[in-house]
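Peer 1: Sequence:
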Amino acid sequence: MIRKHSATLHGHRTSFSLEDEFWAELKTVATARSIPLAALISEIDDHRPPGSNLSSALRLHVLSWLKAGAGHQP
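Residue 1 in the UniProt record's numbering sits at position 1 of the sequence shown; the count goes up by one each step and never skips.
One should not assume that every hint holds.
[As the list claims (entries may be wrong)] Cβ pair distances, simulated, as ranges:
(1) 3 to 36: 31 to 39 Å
(2) 13 to 67: 27 to 35 Å
(3) 2 to 64: 19 to 27 Å
(4) 12 to 69: 14 to 22 Å
Worth flagging that the hints you see were computed from the coordinates, not collected in a lab.
Keep in mind that this is a model prediction, so the values were computed, not measured.
Beta carbons are placed, not taken as given, at the ideal position from N, Cα and C, and that holds for glycine.
Input sequences plus hints: build the corresponding full structure.
Peer 2: Here it is, written out as structure tokens:
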């Protein structure tokens, strides 16, 4: 199911929609990197291409993380 989430990025409130599975993996990425979820979202936001939306950037980051094998424990 797609749910709306909110975050404060550089002092401004924003919202984005993500499927529950992407939200769970995003939290896993933050935990694996030992950074707060808000910091991860901010980092992804800072590096997304101009004109792209945050929801898509978050999904692509999770996909890239999983394809790189970073989401799998040996």
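Peer 1: Which earlier hints turn out false for this structure, listed by number in ascending order?
Peer 2: 1 and 4
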